[in-house]
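Sequences are here, hints too, so could you generate the full structure?
Taken in sequence, the protein lines are chains G and W.
Residues 1 to 198, numbered by this note's numbering, are exactly what the first sequence covers, in order.
Residues 1 to 251, numbered by this note's numbering, are exactly what the second sequence covers, in order.
No lab work stands behind these hints: they were computed from the structure.
Listed below are the simulated DSS-like cross-link pairs for lysine-lysine, each with C-alpha atoms no more than 25 Å apart in a straight line:
| # | chain 1 | residue 1 | chain 2 | residue 2 |
| --- | --- | --- | --- | --- |
| 1 | G | Lys108 | W | Lys189 |
| 2 | G | Lys189 | W | Lys94 |
| 3 | G | Lys8 | W | Lys94 |
| 4 | G | Lys121 | G | Lys189 |
| 5 | G | Lys186 | W | Lys71 |
| 6 | W | Lys188 | G | Lys108 |
| 7 | G | Lys8 | G | Lys103 |
Note that the structure is a prediction, hence the values are computed from the model and not measured.
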Amino acid sequence: MIALIKYKAGNIASVSNALDRLEADYFLAETPEQLDSADGVIFPGVGHAWSAMESLKENGIDEWLKKTKKPVLGICVGMQLLFESSSEGNTIGLGVIPGSLAKFDESKAKVPHMGWNTFSKKSEHPLLKGIDSSEFLYFVHSYYAPDNEFAVASCDYINPFIAVVAKDNYFGVQFHPEKSGATGAKILKNFLDFVYQN
Amino acid sequence: MLTKRIIPCLDIKDGRTVKGVNFLELRDAGDPVELAQRYSEEGADELVFLDITATLEKRKTLVELVTRIAKHINIPFTVGGGIKTVDEIEELLKAGADKVSLNSSIVRDPDLINRASDAFGAQAIVAAVDAKKMNGSWNVFVKGGTEGTGLDALKWMKEVENRGAGEILLTSMDRDGTKSGFDLELLKKVNSMVSIPVIASGGAGTIQHCIDAVQLANSDAVLAASIFHFKEIEISDLKSEMANNQISVRI
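And the structure:
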C-alpha cells in the first residue's frame with residue numbers, strides 16, 4: 001500500500017483524488033507507525049517551506065523520512081524539503097538530497113513560475129518511463145533547486161532548475177503531477193509501478 | 001518555455017453552470033463538472049469557477065461542487081465569488097480547489113490577503129480586480145462591477161502584490177461582454193508594474209484579441225467565458241493560432 005502523508009501543508013485532496021483516478025491502493029498516514037506499514041510514500045506539500053517543515057516535525061515524520069529505505073516521492077514543497085535547506089524562511093530541510101533552494105529573481109520575470117512548462121531529461125529514470133520532453137507539466141513555485149548531479153530532469157525558467165530529482169530511494173518532482181493532466185497521471189502511475197516492482 | 005495559459009471561466013448559480021450576457025437572461029447550461037471536463041479535454045490550461053449564487057445556502061453548495069470538480073478534473077482550478085474569510089478559503093482549498101479568487105472582500109479587508117497568503121501560500125491566492133476607466137485613470141469596482149470604490153486600480157494591484165497575492169485576475173469593466181478586445185493599455189501598465197502573473201479578462205471576442213493580450217500587453221494568461229461557452233472559438237483553434245504567432249502554448 002502507498003501511504004500519503006497527511007499533515008498541515010499537504011494538498012491531500014488533489015493528490016488523493018489523483019490516486020483515486022488511478023484506482024491506487026493508498027491510505028493517509030499521520031504518524032511514523034502508520035508509515036511503517038507502507039510499501040511506498042507520497043509526500044505532498046504546498047505553501048511555505050518553513051511552516052511545512054514545522055508541521056512535519058509535529059509527529060516525528062521528519063525523522064522517519066530521513067531514515068526510511070522505502071521509496072518516497074516528494075511533490076512540490078515536499079520535493080523541496082528533501083534538500084538540505086531553503087532560503088524560504090531559512091528552512092532546514094530533511095537533507096537527504098544535497099542542495100539548497102533559492103528564490104527566483106523577480107527582476108527578471110514574473111514570480112511565481114506558474115503554469116505549464118516542459119522539462120529536459122538528463123537521464124533515464126523509472127519515474128519518467130514513457131514521458132518525453134515535449135510533454136507539459138504544471139508548475140507553481142517561487143523557490144527552485146539549482147541543477148545538480150541528482151537531477152533526472154531539469155526545467156528552465158529565469159535559470160535552469162531541477163524538475164525531477166532522484167537519490168537512492170528518494171524521488172522528487174517540482175511540478176504537480178496530480179494537476180498535470182494525463183502526463184502527470186502517468187508519472188504517478190510510474191511511481192506506483194516502481195513501488196510494487198521493488 | 002513557460003506557456004501562456006487559456007482559462008475558460010464558468011459562471012455558477014445554485015451548483016449549475018449558467019450562461020448569459022452580462023449576467024442578464026441567465027439560462028441553465030448544465031452540469032459544471034461535465035462542462036469542465038469538456039474544456040479540459042479541449043485543451044484548457046486551467047479553469048475558473050465563479051459562483052454568482054446569492055443565497056444563504058451558497059457556501060454549502062459551492063463546497064460540494066468543488067469537491068465534485070476536484071474528483072474529476074486533473075488540471076488546476078480557481079474558485080471565486082463572495083469568499084470573505086480565511087476559514088472559507090480553507091474549506092474550499094481542502095475540498096480540492098487550487099486557488100481562490102478574492103474580489104470585494106479584499107477591498108473591504110485588505111489584510112485578508114496577508115492572512116490568507118501566510119496561511120496557504122501566495123500560489124493559492126488570486127486577487128480579482130474589476131477596473132473601469134474614468135477620467136484617464138482606472139478605478140476599482142466591486143460587487144460585480146456595480147459599486148465604485150474610489151481606489152486607483154494600478155495602485156491597488158501593486159498593493160495586492162505587496163500583501164502576498166500570487167496572481168491577479170484583471171477584468172476590464174469597460175470591455176466585459178463587449179467582445180471588442182481586452183483593455184491593452186491597462187494590461188500593459190499592470191504587466192510592467194507587477195512581478196506576479198496577470199490574467200487578462202473582459203473583452204475577448206476573437207482569436208486576435210487573445211493574441212494581442214499576450215503579445216502586445218505581456219499578459220500571462222487569457223480568460224474568457226462566452227466565446228468558449230457559445231463555441232464561437234474552439235480552444236484548440238485558439239491555441240494553434242497562438243502557436244502560429246510564435247506564442248508558446250501547451251498543445
